[in-house]
Amino acid sequence: MSGSAAALGAAPGRAAPIRAIPGFRTSLGITLLWAASIVVIPLLALLLRPLELGPLGLWESLTEPRVLAALRLSFGAAFVAALLDLPLGLLLAWAIVRLRFPGRGMLDAALDLPFALPTAVAGIALTALTAPNGWLGAPLMAVFGLKVAFTEVGVVFALMFVGLPFIARTVEPVLRDMPLDAEEAAATLGASRAQTLWRVVLPALLPTLLTGFGLAFARAVGEYGSVIFIAGNLPMITEIAPLLIVIRLEQFDYAGAAAVGLAMLALSFVVLLAINMLQRRLRRGRR
Amino acid sequence: MSVDVQDIVRRFGTTAALKGVSLSVREGEFLALLGPSGSGKTTLLRILAGLEGSDSGTVHIAGQDMTGVPARERNIGVVFQHYALFRHMTVFDNVAFGLRVRRQRPSSAEIAARVRRLLELVQVPELERRYPDQISGGQRQRVALARALAIEPRLLLLDEPFGALDALVRKEVRRWVRSLHDSLGITTILVTHDQEEAMEMADRIAVMQGGRIVQLDAVGALLRDPATAFVAGFIGEATRLPCQVRNGVAHFDPLPVLPLQVALPDGPAAAFVRPAEISVRHGAGTASVRLCRTEGEGPARLIVQAGDIMLDALANPGESFEKGESCRLSIRGSHVFAESGERAQGVPLAEVMVG
Numbered sequence: 001m002s003g004s005a006a007a008l009g010a011a012p013g014r015a016a017p018i019r020a021i022p023g024f025r026t027s028l029g030i031t032l033l034w035a036a037s038i039v040v041i042p043l044l045a046l047l048l049r050p051l052e053l054g055p056l057g058l059w060e061s062l063t064e065p066r067v068l069a070a071l072r073l074s075f076g077a078a079f080v081a082a083l084l085d086l087p088l089g090l091l092l093a094w095a096i097v098r099l100r101f102p103g104r105g106m107l108d109a110a111l112d113l114p115f116a117l118p119t120a121v122a123g124i125a126l127t128a129l130t131a132p133n134g135w136l137g138a139p140l141m142a143v144f145g146l147k148v149a150f151t152e153v154g155v156v157f158a159l160m161f162v163g164l165p166f167i168a169r170t171v172e173p174v175l176r177d178m179p180l181d182a183e184e185a186a187a188t189l190g191a192s193r194a195q196t197l198w199r200v201v202l203p204a205l206l207p208t209l210l211t212g213f214g215l216a217f218a219r220a221v222g223e224y225g226s227v228i229f230i231a232g233n234l235p236m237i238t239e240i241a242p243l244l245i246v247i248r249l250e251q252f253d254y255a256g257a258a259a260v261g262l263a264m265l266a267l268s269f270v271v272l273l274a275i276n277m278l279q280r281r282l283r284r285g286r287r
Numbered sequence: 001m002s003v004d005v006q007d008i009v010r011r012f013g014t015t016a017a018l019k020g021v022s023l024s025v026r027e028g029e030f031l032a033l034l035g036p037s038g039s040g041k042t043t044l045l046r047i048l049a050g051l052e053g054s055d056s057g058t059v060h061i062a063g064q065d066m067t068g069v070p071a072r073e074r075n076i077g078v079v080f081q082h083y084a085l086f087r088h089m090t091v092f093d094n095v096a097f098g099l100r101v102r103r104q105r106p107s108s109a110e111i112a113a114r115v116r117r118l119l120e121l122v123q124v125p126e127l128e129r130r131y132p133d134q135i136s137g138g139q140r141q142r143v144a145l146a147r148a149l150a151i152e153p154r155l156l157l158l159d160e161p162f163g164a165l166d167a168l169v170r171k172e173v174r175r176w177v178r179s180l181h182d183s184l185g186i187t188t189i190l191v192t193h194d195q196e197e198a199m200e201m202a203d204r205i206a207v208m209q210g211g212r213i214v215q216l217d218a219v220g221a222l223l224r225d226p227a228t229a230f231v232a233g234f235i236g237e238a239t240r241l242p243c244q245v246r247n248g249v250a251h252f253d254p255l256p257v258l259p260l261q262v263a264l265p266d267g268p269a270a271a272f273v274r275p276a277e278i279s280v281r282h283g284a285g286t287a288s289v290r291l292c293r294t295e296g297e298g299p300a301r302l303i304v305q306a307g308d309i310m311l312d313a314l315a316n317p318g319e320s321f322e323k324g325e326s327c328r329l330s331i332r333g334s335h336v337f338a339e340s341g342e343r344a345q346g347v348p349l350a351e352v353m354v355g
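If you read the protein sequences in the order shown, they are chains P and U. Residue 22 in UniProt numbering is what sits at position 22 of the first sequence, and the numbering runs on without skipping anything. Residue 259 in UniProt numbering is what sits at position 259 of the second sequence, and the numbering runs on without skipping anything.
Among the hints, a few may not be true.
So, partial list: chain U residues that the calculated Cβ filter (under 10 Å) puts toward chain P [to be verified]: (1) Thr58; (2) Ala62; (3) Asn75; (4) Leu99.
Everything labelled a hint here was simulated from the structure, so no lab data went into it. Here a beta-carbon is modelled for each residue, glycine too, at the ideal position from N, C-alpha and C.
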């Protein structure tokens with residue numbers, strides 16, 4: 001009561017700052033309550049559970065070669081997949097925004113399908129497609145000797161599939177709002193189309209591409225359904241970290257499962273933080 | 001460089017933005033394309049810059065046919081309406097852009113020296129490290145100009161470049177751009193809808209209406225001899241008064257204005273009356289003074305209501321009027337246009353009778 005009175009009775013001679021939401025304290029309180037109950041408390045549980053193992057036990061549980069291999073695969077494949085999705089997503093967004101061609105509406109709608117499809121369905125479809133006797137798998141095998149399904153390549157392929165719309169959909173509205181006059185100015189200053197793309201368009205889109213990359217990466221790290229079918233799940237080779245969590249749960253090793261979860265959480269946080277900081281650097285000077 | 005435009009036609013779908021425009025700009029001239037929005041002036045500018053194609057007609061710059069020459073090879077400096085600065089680059093990098101994308105790129109020391117010289121020229125050397133979002137509108141405009149000048153253009157195109165500036169800055173920047181033009185001698189074409197801006201800056205003005213150039217003349221000639229009713233109404237501060245011509249006399253009924261003698265065929269017409277051409281006298285009449293404003297030494301400026309028309313007028317030197325005072329109007333003379341487009345000078349009847 002006294003606290004809110006002090007906040008309302010602003011110091012004399014100083015204008016109260018304008019706030020977007022009325023009732024700052026109340027709204028902040030509600031926000032924090034929701035954030036706590038939905039985000040913080042579950043995460044806290046994830047943090048506390050592995051501690052049952054004790055620090056040493058936790059360390060041992062996480063440095064098992066099988067765990068390390070799974071984490072390496074999950075994060076490595078997610079990174080590669082998000083990276084490969086960048087040019088593809090940009091291309092798709094570009095086509096939808098800048099080009100007029102028959103079937104553009106269909107492409108626009110189809111782009112969201114990976115969002116809607118149950119991931120297991122996607123996984124089964126991708127597996128059938130890339131299996132050694134599949135439509136795509138057979139020619140790839142015959143021509144390049146490349147085995148997709150049941151290898152790391154397959155994992156990356158599945159993660160690219162689920163991550164692509166994140167990048168395309170993040171870039172699309174920004175590209176749509178990007179005024180053409182900067183590109184025209186570049187042309188009048190003597191820049192070729194390639195120079196304009198490289199020096200004007202891409203730098204302007206870079207912060208957005210980075211956001212899309214972060215989203216696609218985060219989604220890919222946590223992806224389960226679409227990967228487990230195509231990966232083949234050979235321990236140490238094509239076993240992803242989320243699958244390892246499920247395996248440990250099935251063995252009633254709850255603390256061990258939570259330990260892997262905690263490691264994934266920590267690693268994801270570090271990566272996303274790094275992306276955010278990079279983004280802030282890229283946006284310098286811009287409002 | 002001289003610019004020669006012949007019969008340019010440009011259609012967007014079914015509407016024609018330019019319906020056969022011809023124009024020739026002399027070397028070193030400052031020309032304004034003046035017209036209301038939708039008159040095609042920006043389209044013409046974009047065709048000159050190579051950002052837009054034309055359906056027919058030719059553009060020659062310095063005698064060279066520009067058909068099929070892309071914008072990047074034209075070496076024309078353009079200042080865009082909203083400046084179109086590259087937001088992710090510093091002011092320095094913006095100005096350096098045109099030098100860095102060259103096939104034979106100057107050394108970075110040379111680029112730096114030239115960029116600094118240009119920023120010096122546009123009087124914002126201290127902004128080098130700032131980003132476009134961190135500087136004011138007037139400063140952005142100067143940076144855009146420096147960027148356009150960096151490529152040593154043979155022609156400079158300005159697309160409504162002062163629209164986003166506030167009135168005070170605009171006036172100052174206008175004079176400064178004109179003086180910059182005079183010292184650099186680059187042929188310059190300015191697109192604007194602001195007649196005051198065009199009159200203050202340009203050597204000649206091309207007045208555009210509905211995709212055509214209706215008159216291309218020096219400022220004085222446009223005021224003295226407007227070619228069409230549109231030009232008479234668009235340039236200067238003339239008020240349009242509808243009238244009826246009968247037997248060589250223009251009658252303004254029901255407006256309380258004395259008729260004028262004109263050599264026009266019978267029928268509806270319009271007189272374009274400038275403030276100085278109206279004489280306002282004290283006395284009972286059906287016109288009334290709505291506003292009387294004295295500005296320093298000059299005659300008072302009046303707004304007079306006659307019927308449902310508001311007229312701008314100047315009082316006789318030393319005279320002043322009360323607001324709401326009734327008064328009598330007569331016209332000393334004005335351009336009168338018949339509906340056919342025919343033009344004549346209107347003369348007061350009394351003068352003819354006395355003469």
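Hint-by-hint comparison with the structure:
{"no.": "1", "hint": "Thr58", "verdict": "violated, 20 Å"}
{"no.": "2", "hint": "Ala62", "verdict": "violated, 17 Å"}
{"no.": "3", "hint": "Asn75", "verdict": "holds, 7 Å"}
{"no.": "4", "hint": "Leu99", "verdict": "holds, 9 Å"}
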